[in-house]
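Starting from the structure of chain Y, add chains C, W and S with the ligands where the hints point.
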Amino acid sequence: MTGTAKNPEYDFLWCPGCGDFGVRRALEFAMRDWNIEREIPMHDNVVVAGIGCSGNLVHLYEGEQPYGFHGIHGRSLPLALGVKMAREDLNVVVVAGDGDFLSIGMEHIAPQASRNLNICAVIMDNGVYGLTKGQSSPTTVEDTVTSSTPYGKLESSLNPLDLYLTLGVTYIASGYSTKPRDLAGLIKRGMEHDGFSIVHVNSPCTTYNDTYALLKGNKAKGIDPLAWEIPDDHDSTSKSAARGVIEQGGVPLGVIYQDDSRPSLDQRLGAVRERVTGRSAEDLLNTFAV
Amino acid sequence: MTGTAKNPEYDFLWCPGCGDFGVRRALEFAMRDWNIEREIPMHDNVVVAGIGCSGNLVHLYEGEQPYGFHGIHGRSLPLALGVKMAREDLNVVVVAGDGDFLSIGMEHIAPQASRNLNICAVIMDNGVYGLTKGQSSPTTVEDTVTSSTPYGKLESSLNPLDLYLTLGVTYIASGYSTKPRDLAGLIKRGMEHDGFSIVHVNSPCTTYNDTYALLKGNKAKGIDPLAWEIPDDHDSTSKSAARGVIEQGGVPLGVIYQDDSRPSLDQRLGAVRERVTGRSAEDLLNTFAV
Amino acid sequence: MASRSEIIVRFAGEGGQGVVTAAEMLARAATGVGYHALTFATFPSQILGGPTWTQARVSRTPVESPGDAIDILVAFNDVAYHEHRTEVHDGGIILLDPSVTPLSDEHLRCVTVPFDELAKQTGESRAANMVVMGGLSRLINMPVHYFKDFVSQRFAGRDKVVEANHIALDLGLAHLAEEDPISDLGEPEKPDYEQVFIKGNDALSVGALHAGIEFYFGYPISPATPILVYMERNLVGEGKFAYQASSEIEAITGIIGAGFAGKKSMTATSGPGFTLMGEGIGLAWMAEIPCVIVDVQRGGPATGLPTKTEQSDLNAALSPAHGDSSIPVIAAGSVDECFLATVHAFNWAERYQGPVILLSEHSLAERAQNIAKPDLAAIPVESRNVYKGENGYLRYESQEISPFPVPGGAGAYIANGSEHDIYGDTTHLAKYHIQMTERRFGKLKLLEGTYESDNASASVAVIPWGGSKGSAREAFQQLRSAGVDIAWYYTMFLNPLPTALLDELRSKDLVIVPELNYQGQFASVLRSQGVKAEAITQYTGLPFRPTELGERIKARLAGAGQPQAVNA
Amino acid sequence: MASRSEIIVRFAGEGGQGVVTAAEMLARAATGVGYHALTFATFPSQILGGPTWTQARVSRTPVESPGDAIDILVAFNDVAYHEHRTEVHDGGIILLDPSVTPLSDEHLRCVTVPFDELAKQTGESRAANMVVMGGLSRLINMPVHYFKDFVSQRFAGRDKVVEANHIALDLGLAHLAEEDPISDLGEPEKPDYEQVFIKGNDALSVGALHAGIEFYFGYPISPATPILVYMERNLVGEGKFAYQASSEIEAITGIIGAGFAGKKSMTATSGPGFTLMGEGIGLAWMAEIPCVIVDVQRGGPATGLPTKTEQSDLNAALSPAHGDSSIPVIAAGSVDECFLATVHAFNWAERYQGPVILLSEHSLAERAQNIAKPDLAAIPVESRNVYKGENGYLRYESQEISPFPVPGGAGAYIANGSEHDIYGDTTHLAKYHIQMTERRFGKLKLLEGTYESDNASASVAVIPWGGSKGSAREAFQQLRSAGVDIAWYYTMFLNPLPTALLDELRSKDLVIVPELNYQGQFASVLRSQGVKAEAITQYTGLPFRPTELGERIKARLAGAGQPQAVNA
Ligand SMILES: Cc1ncc(C[n+]2csc(CCOP(=O)(O)OP(=O)(O)O)c2C)c(N)n1
Ligand SMILES: Cc1ncc(C[n+]2csc(CCOP(=O)(O)OP(=O)(O)O)c2C)c(N)n1
Ligand code: SF4
Ligand code: SF4
Ligand SMILES: [Mg+2]
Ligand SMILES: [Mg+2]
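Residue numbers (this note's numbering), protein chains in the order written: chain Y, 2 to 291; chain C, 2 to 291; chain W, 21 to 588; chain S, 21 to 588.
Worth flagging that the hints you see were computed from the coordinates, not collected in a lab. Only a predicted model underlies this, so the values are computations on that prediction, with no experimental measurement involved. Don't take every hint at face value.
In silico lysine-lysine, DSSO-like type, Cα no more than 30 Å apart, as pairs [said to hold, decoys possible]: (1) S:Lys168 <-> W:Lys552; (2) S:Lys451 <-> Y:Lys134; (3) W:Lys451 <-> Y:Lys134; (4) S:Lys451 <-> W:Lys574; (5) C:Lys134 <-> W:Lys451; (6) W:Lys552 <-> S:Lys408; (7) W:Lys260 <-> Y:Lys7; (8) S:Lys140 <-> S:Lys168; (9) W:Lys408 <-> C:Lys154; (10) C:Lys7 <-> S:Lys528; (11) W:Lys552 <-> S:Lys574.
The shape of chain Y in the complex, shown without the other chains (with noise of 0.2 Å):
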């Protein structure tokens, strides 16, 4: 048994190595901030968690427990937008896997896109489907070899921050698990913006698709790392120079977007009430007297 400080008989545990131990702590680390920042209780804080190893970190969040909905798989997104736009007022953050997100999910990202809602999406992207024990997933190089593909995966592999950045997400970012201060900057920075905010992680998955030894390179060896800052003088407000960084390929790490001139849609909701004026069930029920 392993057992969290919170529930002693919690069985679940990651392997070790796991990226999500760092996404934990950055998560932890962002929302303590964002916390102590507003003066504000830990429980206005909602985890919402895709189904996945991934998304067990909201059973394995150490100290104060936020809310949390573990709910089913590849729905973290519109479970989110229920709670956001059913109290605007609380922080949002969903915790999801690149199966979740990016496969059986995909078709919630482009309408929250749209309604540039108000949550933070920290996506752990391993590159492969960890729970279900190493199938292929968007995310995972064409031509490996997993369980799923025994022959290789004939597909070409999904770029999320170029979708991200096409369907009109307004805050992007990209980061590292073995960084969880800086992860936590990415986040808190994230759950800061007024819009729809997507920080994608490289969350290594040691068991079935260890891609540490990439991602940090091989000075000796002259591998280069897949994993390189952004430079300070990118200007993360412009569309193409985003475009420009992504297309540099590998894992760029900081903020690749971030534009903070579309309302997001609480506050576009926020206008219409201004305008209009509900009725009550007793005034609408007479519009249809006889």
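Chains C, W and S with the ligands only, in chain Y's frame:
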């Protein structure tokens, strides 16, 4: 009762002026030429239709009849995948509306793009849900008042061409329903392309979203037409040139992008079949022998 | 001329000829002066044009169904004439434009009125409707000023329109001045209570607002779309949200998120969308989140018959998802009940903290009817018991219902769609699966609905459900008048069924269930609960006709005891 | 030392300690020499580590369930020891590493073997397994060369591994040389027929291949994933397609497209994915497209209990979508039936031209067992009747099944999920809805399954379904041995049920249905069809134990006639 040549009892017809008439004509031209060139019978073609005014094309098809599948809302792509990968020899064409393809069906585009599924999808975009009488669709322009957006649409509208390009669709054309001959050419080229082809057609809805005037513009009044011909010197093999065309806005007419370098899914599977031979059930059973 | 208590008029033609609004106008005008009226409409799926018909039943006493054979057919074109003439009963009238050449029907009276020609004379070519109404006012012996008053009110401020329509009414009337009325409907008795004239979908929407709905999220689909449209327009204000979803899956999951966040939330859909919501509904059951899912049934299966009525989604409603669950189901059976059932659905969802399915159907959704105006103050509204304690609350500790923690307040926990322990953490331990399963089912005990009965001592009974209530009630009354000893039962609460009702039904020798599906779905449910139930089914896309249904019930009673085929 | 016919060994510890493979190895080695064996496994949902246990039942005669209390517990750690010790029956043995400190259990024998320490001595630290097996060979009195031969075969060509494992076996055996065996299992009698040792999911996959599957499309989900993996690897070749879908909705719709294109197609999933497939299944029913949908059940509802067994998806399988439909359902009840039922499912789908649901469950999927090798030549395979005529064919003209046109050949039509006419064009006419509804249901007559019975003259009966078959059969045999007069019935064919079976069941005073769910789902179905059925339920995530089940049946018989609570 309207009826069709085939079926005197068939009782659906598009509204007068509906763009879908032109799209049907274009598809008829394209398929006729396709069959003649290959000397193949019409029953080697399959039209998979979405649910919407647009999808009814499959019933209104004139002359010799292809096979058709009119399934459920949003699922034309996976149905088409089933047909195509079951019978790689067939010409499989999808006909669907913007709501069907880009809202409820959104999740199915990315995987087919990654797979480079060798089918041709003809999307009739009227920026509205026609069949359900005028609600907003993903391509409805921001702020538009529709029956489901009485205070104006609060979402930015989706740019489907940009999305297709980002997802890696290997043939992307944009057309207009009033030009059935041109459109037929775009469709036929899409059918010829070995890979995932999308012909995105502006097909106005005279009843709920009549955009003819906007598309045509009005020289006299100094209103520029939304629709514009892509110049002959556009390099459709270049992704950045394609992006440039899309970023010019309006409704470009012609082939935006074509990538002939990526093998289609059936071609890739063919390559696997050359490497790997399947075993009989008897053989496989014997691997479990005690 | 014999006086009669009611009259049924059908308008048939093409979409766009004013057919759709004609029945509603007749009914609305009639209720305005004190008659009771109820409409029935069936649409083509085509947007413009296409064969369509609507019908109004106008009566001195309250009516509950579209009725039987028609008294007057207004045929706007040839096809409509031929399609519908056989449904006019002997002695009935067919009102035609002279362009239609009628057959010689001895037992029917054909009356021609040049609809379009007279309309043109008014300067408002779209007034053909009103010409017809003018003619009708003569044929059903209803003072034309009823219609004029209605027109004046409806188009108040648009004097030219009012005038043209008044002229059209006069022209139609004048044209048939010499024609004998079909009968005298008699003076209406204006009810002494307040009334509304409303469609089922609107009643449902207003019911949701009365129940305190705060969050609506839905995807367009016939015949549920009007609820989306109504909500988008009217559910506005601080803390309120009405929005079009990108799919039914997004819709159901969204309202669950809102339910979790403490809101009264709802979505409305029809069959195909309902099926897509199955996984979400299972989640709401598992995580114990209140929400209301409306299924306005149309013909099934698959894309089915989008513009026809059917009651074939009951099985799906009773088991929308895998695993052990028993989602509460309430079915509206009339326009009033569209209102009431919605309030009940919210109350149940709040009370037991879980999803509630509300079934309506095409014929109710589009039925416009005068009903007593619901006395809102007298219809209680419930809200969930919110947790008000400190942090450290164990949400799922008890074996029974427990206060509901709302984010933003103390009591943080994890709502979980996996089997969970008392914290909401995922678990695989048998003890928790047993506890939580029993907890989820145990909460259903909080939901005890009511039912109605009549002549309950009879050993055989009839129990319709949903929108077949009205036809069945009228059939029942005919049978009782004819001296047949049969009991009547009815409830909106299909799951859990009222326990006392079940006890009564179990004591009967035969329980007949009229329902609009092939399988006899409710009868099968009743049999599984120990009732000797047999279905009378119809799967035409249209409602039962009361008299025909009465005949079928009588035949069934005559054959009682004989083995009955069960549609599996 | 008393001889006995069977022995049950449980291995419990953490994932990664070799627990998962130990039971399989014991069973595999035992079947290699002629014993019968069956395994049971339950996994943590955690990827590495986490509490896990497996069990092997080894017997001189065929066995059908994981059995009752255990004879020998191998506890790899302290937690496992404490968790499982109470399930060892009196006189049983617990095999421990010395690091675990046992309680003093008078009626149990604790035997320690330094697993890891001895393993290290072999130079292969992962050989702890084999040390255990060596010890076991002494305790169950099974010649150690059985294991040695098995190891030589399994690791053929890897001499160092073979050698280390042989040493480990010897060390374990030597360590317990002085220990009394628990009993003498007796010489195995090697069956005189060919056998395979196979898991349920593999049997199902090979069954599909025998049935002629050409198209597989599926999304990963426990416990169905191994079918996807098997298909990806083995369904290759011209005209064949096995592929990972991006969701269950894509999977179901994809196989329908393939079915339309003339292929035998299948998908496999578990509860949550199955629910998502509802709309597609309704489409296949409506458009009359053959395809097979496998639901390897796990605990529900919602995300539920992914790694536990349950039989709670029957309701969902019987009504996966809105509208009138009755999808054929076949449930496998054993590893052999995982093979057979799959062939039947394809045959049915081809024969009646529509979707067929095949239910399996976690405990069968992961059960490894020796079964008689299916005689493929003797298991008939059906293929749909393909239309071979000219163009101009009216696909849906007849009231009955009609030849199936395949794209690429003459007979073009429109497969349609909306209600359609004889061309496949969408229609709203009542006459077609009636015709097509009756056509769709009428085709079910082509599907008449078989059933088995035993002591059929008794007035009370037991009828399990699916994976509870084995436990129920053993319970039944115990009851019969004890002189209880009870009948046995069983069928894989849950919908439509064999008509003769239904007739027999209807004649009983009481029909007891043991099933692994809360609601008593199958019992309820039987009641709806006129059978006096009552469920015996269990919802622990684990299978029935035969003896315990027998006791519950006996108690139920004693109480027969007393009112029985029905879980709604
Ligand atoms: C509807 C449904 N389909 C499938 C599953 C099985 N499933 C659980 S997690 C998972 C994929 C997880 O991959 P990812 O989202 O990348 O998360 P990871 O485990 O890699 O962190 C799948 C397919 C499910 N629970 N529900
Ligand atoms: C699952 C499901 N949801 C909703 C519907 C209702 N519906 C039918 S067509 C349609 C939208 C049509 O819009 P579009 O795809 O743009 O086609 P158009 O009519 O504009 O050509 C909808 C929502 C349905 N049939 N099935
Ligand atoms: S399987 Fe991979 S993703 Fe899952 S816990 Fe282990 S390392 Fe992490
Ligand atoms: S509603 Fe619009 S899209 Fe539909 S048929 Fe009419 S014009 Fe065409
Ligand atoms: Mg992953
Ligand atoms: Mg559209």
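Checklist entry - What are the numbers of the hints that this structure violates, sorted from low to high? => result 1, 2, 5, 6, 7, 9, 10
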